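Participant: Protein chains in written order, with my numbering: chain V, 211 to 655; chain F, 211 to 655; chain L, 211 to 655; chain A, 211 to 655.
If you're looking for bench data, these hints aren't it; they were derived computationally from the structure.
If you're wondering where the values come from, they're calculated on a predicted model, not measured in any experiment.
Be careful, since some hints might not be right.
Note that identical chains are pooled: a pair holds if it fits in a single copy or bridges any two copies.
With a cut-off of at most 30 angstroms between alpha-carbon atoms, the simulated BS3-like pairs for lysine-lysine come out as follows [stated by the list, open to error]:
(1) Lys351 to Lys282
(2) Lys275 to Lys651
(3) Lys350 to Lys407
(4) Lys501 to Lys278
(5) Lys447 to Lys651
(6) Lys641 to Lys651
(7) Lys348 to Lys576
(8) Lys651 to Lys624
(9) Lys376 to Lys638
(10) Lys651 to Lys475
(11) Lys282 to Lys354
(12) Lys580 to Lys395
(13) Lys396 to Lys308
There are 4 protein chains.
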Amino acid sequence: MIKFHTVGGYSEVGKNMSILEIDDDAIILDMGLFLPPIVELENKKGEVYTERSLRTIEALPDDKKISKDLRKKIRAILIGHAHLDHVGAVPYMEYNYKAPIVGTPFTMEFLKAIAEDGNFVLKNQTRTVHPNSSITIKGKKDIKVEFINMTHSTLQTAMVVIHTPKGAIVYANDFKFDNYPIIGKKPNYQRLKELGKQGVLALIVDSIYANVEKKTPSEKIARGLLEDVLFTTDNQKSGLFVTTFSSHIARLKSIVDCGVKLNRKIVFVGRSLHRYVSVASKVNLAPFTNKIKLVRYRNQVERALKKVSRDPTEWMVVCTGHQGEPGSILDRLTRGVLPYKFSSKDHVVFSSAVIPSVWSIANRQKLEKKMKAAGTRIFTDVHVSGHCMREDLRDLVGMLQPQHIIPAHAGIDKTTAMAELASELGYKLGKTVHLMQNGNKLSLG
Amino acid sequence: MIKFHTVGGYSEVGKNMSILEIDDDAIILDMGLFLPPIVELENKKGEVYTERSLRTIEALPDDKKISKDLRKKIRAILIGHAHLDHVGAVPYMEYNYKAPIVGTPFTMEFLKAIAEDGNFVLKNQTRTVHPNSSITIKGKKDIKVEFINMTHSTLQTAMVVIHTPKGAIVYANDFKFDNYPIIGKKPNYQRLKELGKQGVLALIVDSIYANVEKKTPSEKIARGLLEDVLFTTDNQKSGLFVTTFSSHIARLKSIVDCGVKLNRKIVFVGRSLHRYVSVASKVNLAPFTNKIKLVRYRNQVERALKKVSRDPTEWMVVCTGHQGEPGSILDRLTRGVLPYKFSSKDHVVFSSAVIPSVWSIANRQKLEKKMKAAGTRIFTDVHVSGHCMREDLRDLVGMLQPQHIIPAHAGIDKTTAMAELASELGYKLGKTVHLMQNGNKLSLG
Amino acid sequence: MIKFHTVGGYSEVGKNMSILEIDDDAIILDMGLFLPPIVELENKKGEVYTERSLRTIEALPDDKKISKDLRKKIRAILIGHAHLDHVGAVPYMEYNYKAPIVGTPFTMEFLKAIAEDGNFVLKNQTRTVHPNSSITIKGKKDIKVEFINMTHSTLQTAMVVIHTPKGAIVYANDFKFDNYPIIGKKPNYQRLKELGKQGVLALIVDSIYANVEKKTPSEKIARGLLEDVLFTTDNQKSGLFVTTFSSHIARLKSIVDCGVKLNRKIVFVGRSLHRYVSVASKVNLAPFTNKIKLVRYRNQVERALKKVSRDPTEWMVVCTGHQGEPGSILDRLTRGVLPYKFSSKDHVVFSSAVIPSVWSIANRQKLEKKMKAAGTRIFTDVHVSGHCMREDLRDLVGMLQPQHIIPAHAGIDKTTAMAELASELGYKLGKTVHLMQNGNKLSLG
Amino acid sequence: MIKFHTVGGYSEVGKNMSILEIDDDAIILDMGLFLPPIVELENKKGEVYTERSLRTIEALPDDKKISKDLRKKIRAILIGHAHLDHVGAVPYMEYNYKAPIVGTPFTMEFLKAIAEDGNFVLKNQTRTVHPNSSITIKGKKDIKVEFINMTHSTLQTAMVVIHTPKGAIVYANDFKFDNYPIIGKKPNYQRLKELGKQGVLALIVDSIYANVEKKTPSEKIARGLLEDVLFTTDNQKSGLFVTTFSSHIARLKSIVDCGVKLNRKIVFVGRSLHRYVSVASKVNLAPFTNKIKLVRYRNQVERALKKVSRDPTEWMVVCTGHQGEPGSILDRLTRGVLPYKFSSKDHVVFSSAVIPSVWSIANRQKLEKKMKAAGTRIFTDVHVSGHCMREDLRDLVGMLQPQHIIPAHAGIDKTTAMAELASELGYKLGKTVHLMQNGNKLSLG
């Protein structure tokens, strides 16, 4: 008996959590946060969260509805990658389960870092699996779990494969197919094709951009866009600030490489940058730390920016705030509470997209408005996505040839597009492709 | 006395034509076609045009309103680059003037080719100027004209500078700032800055994307996107068709380079591809002709496609039809009148954007629908624009520091954005930045 | 055993056709055309269709896949209302079945008229049922079928209810809830509530605007908008042309009422207007025929327009062409082939929306462009929809309380919104609300 | 010498203020607030404003740049109507001028009310002019000023006409042409046509919707939409809340009329509703006060809502909060700080549009999300605009035949559309139609 239970991430983009039940054992896949209500909250108050406060604003996956029986069967919590919408809820919720937390080294280091920052002590042990290797989960029957190397917008992202007696279950949430990932290896296409031949029972798949009829551009394109903006515009006499997703270590490498070419000293400023870069450094995946200065604490930040303000043309400042988050470095810079004042001489490069939540849009618009009022020059969307689009999905389905497809990572407004693609490819809605919502279950044999 | 007269291209995107009057002499800048009504016409009938039929559908700039006096003063017809909306009207209209037609070698060769194709005998002589060099136009007073090397989506595009006693007039219609142009040199920033120091009276400037708050990505990005689509998707067992703007020789080079890497034989099919590649070849700017087979005539086309159909995986077909034009190769392929049948094994790559006219949108949608019905896989928008966006414009204004700015290459629905940028930079609407429409004139001193 | 089979209209907007199987009997619900490919075809050629040509362009529901067994069980073809996407395929396909065709008087008269126009002789007999009454279909077991009065954008639209041993099946395709319908009665809410109490097994429901979070405005609003445009703008010295959906008899009544108030003589011009008004007249539902002149044939049309051209201010011309259809009166007027020439003195009122197919958009844009070139004043979207929106759907579900919901009248890109509404109301995707595509079947007990 | 100076409202939608200079005299037209930054501010703090704080966030028209000479010439401050973006800055700024404040009775009463609420004592006297009458402004030369009756979304809106020796200056900011205004008279078309014959030197005109190619629907349409929502949906067992712009007295009358028909008791709740209704009452233009209960103070509000909560089906609550404003009644209801709890039994009708500022969008989205979480049923956009669209503008220009047109009430992103319309009608950009920004001046003879 194999059953798939959706807990979170099937009615919204965020708080991903699913459970795979195999006879007398079960496995949790991801345990993430829903960020938009947290952003809203942050606009008002400081940033002290508790499980209770996060549950109230529905920022945690709703695992209260899981039956006692099922809860008892949980043997592992598998985490696919180090983004908050996949791992961020672990510190708040893991104590309810008795099961090791498993992920790649970067992911597990990141988990430890956020736990520590929040003064959590994890009740369960963590176990690491290297990309392209396997692990056995102990249960009534042992379960083999494989972490296949994948490309995405953070490091050591894995497609998680659970081998069941009825075939493999592939949890592809999130990924893109990128042959030029800047840091790390290409996706392991070879293994995907082998799995396809051996038999895949079900594919749970990132469908957030299934409606975009393209192949997602590679990270090398983002690098090229950065080069265009940094090397082709007139910035010799300008202050230079670049911001991106702190988790995007490959992007940070490209930014640093550009800064070096521009002969500028490089300083990284901001708490979440510090956290992700430190974590990457621990697992030896931040091949640029010798070229940068990394500052985190308030007085360090102030000293660094004071230095920059003496001769801005000597520096490139990489900082937080690409979503206009209250309390981020860019927010504080525009509010005038840091010892650097934006002027018409400064360039700010956003190597990111605006997250399509109304609070992020509002925060970002406010930030840009202040910069424009100061005459500061802005470059936006110097970015490519880390999520697969329709043509990547078509290739994935072609390689895996799964019996069942379960679109994930959004509500049915978006997963519908994956269902359409599947039916183009011969799948039948309700039979072999399944539109699910949070709190559903599906029998897979 | 310096006056600027708008003839075409200030109330629509297309049929660019302006006149600069300097005391007793005058110069025509561009003489292009308005393509959307031609596309509409082509949907109905074949393709025989006359001056009269083109005037009826308003596809030619309306030079009938030019006064006799001004007409007599015309001393030269300067063409900025080899796109039909800048040069395509010359064969139909040049006989009304007595003045040499001047442009870069590629542009002039292209002009001769279209004249020949249409059985026109040009009444006026053509003169070539190399990029980054000058020429003197004879008149009551001699006028020095300079063609500055610029990057755009075709070869040997120039910013045309007319030196007047009151300062330089810079005609920047069209351009982008691209430091990685694949074929040809970078823009001549040095010369632009010098002009800025010497004094620029007026800048007439491509404003079609002035509303896009970005820097236009370089051609290297388009190359990277092609590599993503061609090297990262599963196409070893597929037929491979690529289509792009026939005038875009740099793009064609990237496509050929990819084809070579894929170990495929490459054939170029279609009349306009043949025309542009032949012209580029004549001026030694098609550094890939030895790697391709170039076919044009019906029986050649049929023979070539028959060969491809025997083993599609050996070939890459580069062909016309990116806008779904009736009569193009892709159109005829989907209509089943050529000896190759699209199937679910074929990939078609559109290295182009859809032109935003309702007829192009309809043609293209029809084309794609037929392909999809056959199960053919489609990759669209594998492309970057050749037009400057807001941040390029900001840099251009910064370098040239012109006294007056005249937004061009669109109606005021779009040129307004350039006026806004100018007013950000200190220009005054109606005083130093001028929103014009077809048939206006402006006194510049 | 009750099974529901989708034939057409579940993967596109158009060619509606479903089959309800009840043990040894079965009933067809609607048999309509898919119009966009027909519009495309009309742009090229004249208008002679055959079953074969319509099947080629996929304009007919694909009933070839219906099993022989099921085909033999068909006992009736029920038609909900007189729109071509619900009834237009009957003349081409009914001969394949041996079953009476059943609908309201207006619908059946319309069917006869289109059959006659196309020189079809219907093989099956037609039977009429008055709104708010029932009929018994003979089969292995008799089946009671009820036609409940509903409001929509044509006359005598019915919600069709099939009474089965397991509960009622309600076919609500198409409708709106309008208490001010201008012609005809309000929806029969009373009967819907009774059905809800007795037990509804399944609801098949028009979901095209389920994503619009509104209640559809009533027909009285369209009347008010017409009054605004006709009575508040300065048109005493203008020619006045109004166009709308020919099937929309209530709208035509409002237009005529306005024309009378303006003291203008009113002439209806165009073939499809003639057809629908004649049909409405036969069933005594065109309470304005004494106030208008109705012309159809070429020489009548020309004579009428010649008269209008003598003093346009005396007339209101109601004519075909609201979608810019080639061959319609407005198309021919703008092409200059009729004895009336549009000028800057004329007003043209479009009491319609543009159908969102690329060919309709292109045709309409072309039409408007020509009118604008002549300086003619245009009023568009003087219209409200005939389809229910989300809040009507919520009320319908509230009244009927069906066990199962099957969203219809569009592909899953749109029916998804109805599924979302249903899940808000407690239904479960895949269990009690079913996203279907053409060619699916669903067991209902 | 006649000069027109733009102060505010020509680079944004809001803070309208202009100055007309006629030889040795000058007149101010409007003095309004820019609301979006105030909304942003309100999201953070309470609502205590000072001139200084409002200047800091650029919510006041920037009159600091007005020359001393011009300032001395000011003889009157004319206010067109009682909206905050036209009159709201008066209390903060009038003391800088020595000139009477002139407007219609409703407008002047409203001014007094907001001054009083803010504890301002106006330094200048106020003078009232009835719609369709005139007044003489004393200056070096006397100036005749006329207030023509116009329709808009508040009462006693006027087109202000200043008679100069060179012709009339018509300030049409804001208006719509509505023959069915519910309260008040139709626009005085007769007088507009007379002015056109006598000679209009310049028209300053509301262009915010000049890009919408329609005629604005009348207020009767909004009434019809309300009737659809209130009489056609199933609400007998529901609580009923309606919200709209507090200044929109005609809309409030329609709402009350509907409430009476539904046999519900009606209570108006909220500070700004109280203010506007009281003001309307003072000038005898609130013909519904006997049918409602009007509450303002906290304890009154609480008592009223407690009563409602006892039997919601007996009441209709008209309240503030249509933009989700923090502190409004709807905001407080959803935050649970008032003695009424929204449930799935309640209906909330928004007879308003969302103001297109990111803060209003965010506030409103937040409000709706909370309502939806409670299962409350929402009806949005039950509304028509109070601003003229393109076809009204065409009629206005036709009647007035002004020599010059100055588009107003938005930045050039929107006023451009009015310039386009004007050039369709024969005006020349820069000659007779003038795109202006804040702080410009234009010589009119």
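Participant: Are the hints correct? Go through all of them and say.
Facilitator: Against the structure, the hints:
1. With identical chains, the CA atoms of Lys351 and Lys282 are at most 30 angstroms apart within one copy only, with a shortest distance of 14 angstroms there and 53 angstroms across copies.
2. Taking identical chains as interchangeable, the C-alpha atoms of Lys275 and Lys651 lie at most 30 angstroms apart only when both belong to the same chain, with a minimum of 12 angstroms there against 32 angstroms between chains.
3. When the C-alpha separation of Lys350 and Lys407 is checked against a cutoff of 30 angstroms, the pair qualifies only within one copy, where the shortest distance is 28 angstroms, while the shortest distance between copies is 50 angstroms.
4. Neither within a single protomer nor between protomers do Lys501 and Lys278 lie at most 30 angstroms apart by alpha-carbon distance, with minima of 52 angstroms and 58 angstroms respectively.
5. For the identical chains of this complex, Lys447 and Lys651 are neighbours neither inside a copy (60 angstroms) nor across copies (36 angstroms), given an alpha-carbon limit of 30 angstroms.
6. For a Cα distance limit of 30 angstroms, the shortest separation of Lys641 from Lys651 qualifies both inside one copy, at 14 angstroms, and across copies, at 11 angstroms.
7. In this assembly of identical chains, the alpha carbons of Lys348 and Lys576 never lie at most 30 angstroms apart, being 51 angstroms within a copy and 45 angstroms across copies at closest.
8. With identical chains, the CA atoms of Lys651 and Lys624 are at most 30 angstroms apart both within one copy (19 angstroms) and between copies (24 angstroms).
9. Proximity of Lys376 to Lys638 under the C-alpha cut-off of 30 angstroms is found in both arrangements, the shortest distances being 20 angstroms within a copy and 27 angstroms between copies.
10. Proximity of Lys651 and Lys475 under a CA criterion of 30 angstroms is satisfied in neither setting, with 54 angstroms inside one chain copy and 48 angstroms between copies.
11. Taking the closest pair of Cα atoms, Lys282 and Lys354 come within 30 angstroms of each other only inside a single copy of the chain (19 angstroms); across copies the shortest separation is 53 angstroms, beyond that limit.
12. Taking the shortest alpha-carbon separations for Lys580 and Lys395, neither the intra-copy value of 40 angstroms nor the inter-copy value of 38 angstroms comes in at or below 30 angstroms.
13. For the identical chains of this complex, Lys396 and Lys308 are neighbours neither inside a copy (35 angstroms) nor across copies (62 angstroms), given an alpha-carbon limit of 30 angstroms.
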